[in-house]
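Turn these sequences into a full structure, and let the hints guide you.
Respectively, the protein sequence lines represent chains A and B. Just so you know, UniProt numbering puts 273 at position 273 of the first sequence, and the rest follows in order with no gaps. Just so you know, UniProt numbering puts 601 at position 601 of the second sequence, and the rest follows in order with no gaps.
Just so you know, the hints here were simulated from the structure itself, not pulled from any lab data. Keep in mind that this is a model prediction, so the values were computed, not measured. Beta carbons are placed, not taken as given, at the ideal position from N, Cα and C, and that holds for glycine. Honestly, I wouldn't trust all of these hints.
Said to hold, decoys possible - Some, not all, of what chain A presents toward chain B, calculated at C-beta under 7 Å: (1) D65; (2) A68; (3) D77; (4) L78; (5) F187.
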Amino acid sequence: MVMKSKVLGLAVASFVLAAPLIAEVESNDPIRLTLHDWSGQLINTKIMGAILQQAGYNVEFVQADYIAQFAGLKTGDLHVAMEIWETTGREALDEATATGQVVNVGETGMSAIEEWWYPMYMKERCPGLPDWQALKDCAEEFATLETAPMGRYVGGPVTWGGFDEERVEALELDFEVVHAGTDAALFAELESAYQRQDPIILWIYVPHWAPAKYDGEFVEFPPYSAECYSDPSVGVNPEMAYDCGKPRGPIWKAAWAGVQEKWPGAYDIIANYTVNNDEMSAMVAKADLEGVDIDDVVASWMTDNKDRWSGWVGQ
Amino acid sequence: MTQRVANRHAFSVNGGAVRWLTPRRAMTLGLIALTLVLGKYGGDLAKALDMRWLVKFPSAWTVPFKSQITVAMKWLVEDAHVGPLAFTDLTRAIAWLIEQPYQFMVSFLAKGFWAGQGAAATEILPAASWIAVIVAVIALGHYCRDWGLATLAGGCFLYLAAFGQWDSAMVTLASVAIAVPIGAGGGLLVGIWAYRHPVGERILSPMLDLMQTVPVFAYLVPILFMFGFGPVSALIATIIYATPPMIRVTTLALKGVDPEIVDFGRMAGTTPRQLIWRVLVPSAAKSIMIGVNQVIMLTLNMVIIASMIGAGGLGFDVLAALRRLDIGAGFEAGLAIVVLAIAVDRISQAFAQQAGQAPTVPAGQGWIRRHRRMVLVLVVLVVAWLLGRLVPALKDYPEAQTLTTGAFWSEVVRYLNINYFDSFEAIKVAFLTWFMLPVKQMALGIPWPWAIAMLVLLGWRAGGARLAVLCGTLSGLILLAGLWPKAMITVYLCGASVILATVIGVPLGVVAALSRRGGQVIGVVIDTLQTLPSFVYLIPVVMLFRVGDFTAMVAIVLYALAPAVRYAAHGVRNVSQDLIEAGTVSGCSKWQLLRLIRLPMALPEILLGINQTIMLALSMLVITALVGTRDLGQEVYIALTKADTGRGLVAGLAIAFIAIIADRLVSAAARGARIRFGLESPS
Chain A
1 MVMKSKVLGL AVASFVLAAP LIAEVESNDP IRLTLHDWSG QLINTKIMGA ILQQAGYNVE
61 FVQADYIAQF AGLKTGDLHV AMEIWETTGR EALDEATATG QVVNVGETGM SAIEEWWYPM
121 YMKERCPGLP DWQALKDCAE EFATLETAPM GRYVGGPVTW GGFDEERVEA LELDFEVVHA
181 GTDAALFAEL ESAYQRQDPI ILWIYVPHWA PAKYDGEFVE FPPYSAECYS DPSVGVNPEM
241 AYDCGKPRGP IWKAAWAGVQ EKWPGAYDII ANYTVNNDEM SAMVAKADLE GVDIDDVVAS
301 WMTDNKDRWS GWVGQ
Chain B
1 MTQRVANRHA FSVNGGAVRW LTPRRAMTLG LIALTLVLGK YGGDLAKALD MRWLVKFPSA
61 WTVPFKSQIT VAMKWLVEDA HVGPLAFTDL TRAIAWLIEQ PYQFMVSFLA KGFWAGQGAA
121 ATEILPAASW IAVIVAVIAL GHYCRDWGLA TLAGGCFLYL AAFGQWDSAM VTLASVAIAV
181 PIGAGGGLLV GIWAYRHPVG ERILSPMLDL MQTVPVFAYL VPILFMFGFG PVSALIATII
241 YATPPMIRVT TLALKGVDPE IVDFGRMAGT TPRQLIWRVL VPSAAKSIMI GVNQVIMLTL
301 NMVIIASMIG AGGLGFDVLA ALRRLDIGAG FEAGLAIVVL AIAVDRISQA FAQQAGQAPT
361 VPAGQGWIRR HRRMVLVLVV LVVAWLLGRL VPALKDYPEA QTLTTGAFWS EVVRYLNINY
421 FDSFEAIKVA FLTWFMLPVK QMALGIPWPW AIAMLVLLGW RAGGARLAVL CGTLSGLILL
481 AGLWPKAMIT VYLCGASVIL ATVIGVPLGV VAALSRRGGQ VIGVVIDTLQ TLPSFVYLIP
541 VVMLFRVGDF TAMVAIVLYA LAPAVRYAAH GVRNVSQDLI EAGTVSGCSK WQLLRLIRLP
601 MALPEILLGI NQTIMLALSM LVITALVGTR DLGQEVYIAL TKADTGRGLV AGLAIAFIAI
661 IADRLVSAAA RGARIRFGLE SPS
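Set out below in structure tokens:
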């Protein structure tokens, strides 16, 4: 603790000396933003960092695991996490905000879609798609040796939840749910089947590069509602819950609770920041499919959207 | 499964004996048969008797270890105090101590020295030039052995620069440079302590077992809470994982020092401290360096997992590349880890051999002449720093000159996938139907009381009452934690993989021992398989075999093959020459020589190899969880993604318990075999 106050003292001293230059910045300590291992998040976070820098803040990027980062956000080792998906991170986020040490800074403007997805060439073999009813008749088209005569649906890692086993049962689909352990394994399955034009139907989420690389569609299930999940009588199957599609949810921004006190200006900028699905998907495709450097993608967004982010800083 | 393997081996040894069906053997056979029958029909039997609890342990009987551990951990992190200090302040202080040298190394090798924080910082001194580092490595190689080693090490580092892996490789090297001295130094001190206090050794031994067998994922979350987020936590996890072999090797090496040397030291009137540092440690230096070597290899093994909690470096490149399904880039980054491991490993081995010899530096010359290499390296370093401002290529390897073979690897996988997928599929289905599924059914069908009883019996036969109690207690704890079905899936997956690895590995080992050229080729393949992060081939394997148990088994076999091959080769090579001659004289053919003399005599070594294979197979479980298994590894992984400390630790401990049971049983069997062949005296 003694150490810390000393450092703080030094920081204050340098602040006073350099006061005219960075008058509006509350603290010169770096704001630490977390980077994960998918390009969309890297782009999102680097843009946020670039805006904060333009506003005069000192930022630092730290490599961190998606879920494990909450340990750091709670203690204040890490400060800002730019992408907590309603669909995969909600549980961890709620647990963290309940401690009072982490706050939800609001939506990023992007909305996560997660649903069953098939490549376009499967539409010829199973006419009637994207309507989910079609799956009832051509489950066998999606079968493999191990699952025949049932169709094979590749779900996400067990930790993603998603209630696919329940959905299959409630909608009386002849499918077997197989869980991929990670999303790398999930897309490896898709890449492999797509190269051979073999049958596949799997869990895909956006924003992601996959829909840009592979031609395909989401299955249209009966639309999600909270009642459909909780009340068996609602929906096409009066006896069972989960007889509908998956919820679509916002992607949240999260921060260490101390950010608001230490850098109130930065906190406001973070809260103002929004991007949408389309521009993010385009940027992700640029980085992952065309091989453009992420920093270049970020830089071109910054020049193209100067008015937008100046507005967030000015507010 | 493992116990059955051990049994079958013990059995085949005396297969050629005159009267092999003794009453005792008949009973063993009967029990095995009964177990098989129970495995197949256990479920039906339990249903018929209306005793479902026989196959499915009632959840009401389980003990909530998970929540108890979570509560204890919470207390430790939030409320515990050591005197006036909070426990976390203490752990944070340790983290700070480790962070200082680490930051220095990272700055020196990769990032440069900066004043100020974050983006506002200005560079004071750039990182060491790639040329300076390569010259330093060459000089070190030459110092440790000769120009051959210098060329090899220099070539390895040049590869890193040429393939555009330099910056990441230097970050990884920096963490190796910190983790290895702490792990090796700490391990040495603890090892010495255990040598001096036999009681200490007894307390330490189970702790070391746990450190080696509990998967890192299981204690990652508490480590993050205690030591903060970032590279330091990754370093600490690495050290916990990599130190145990060093402690073990040190204690063993000190015990192995010739008693006459110790007596001589005592007679010369040394104090206990002098005896250790001036007599024992130097005499055992060569063996101790094997421990250092292990620490280095395990540290590099941890690179991927460490990168998940903020260590960055090559491990992160592998992960990120596979996330965007860039197989080629992942493979290149993975190969860079192999290359780094080869360079560091060869240099450290040469250093170990050299350390055993007397210093050859001629006395009486000037300092500069005695340290020519060091002076050269320093000069290159400073010159590169000075000129680097004018000629950027001296500072950083020019980006335009980097090579890549990434596209090639992606194409290879694509080609295999398009043209050979059906053959792969056929192989997979055959394996699943005829091998894996029956084993799985068996493992899940055996009623738990019978399984535990068999384990206890096996322990008693192999190692007496003590081992019986150990087997009973550990398997009972797994049962009480409510993890029995998942543990049995684990046993099935590992058991199937270990059987396959043994079937492939032992013949390979025999070939390696009998043919010199074959041995060299096999050696290179095995080395690569062991240092190449399993992640790199996990994703191509998924593309060719789809997610599922078969893919997991392929990945486990690839990783766990190495010890089966190495120990078998070692065992066959070391069969006493007299015995071979005796065999030749009595007219054995080459085949008979192998079957009747070499293999039986090598059996204890082969068993130890299988033991190591089991350990590696269990340590791969957490990685294979990433391709969708449903075992204890998956349980640990789920707990990690949900940040559930208790759940992760309990599942991790269950894996450790399985490992310990297997280890003790196989070791006891190996010891039994040695006693039977008169290689060891029963004590």
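Structure versus earlier hints - violations, ascending order:
none
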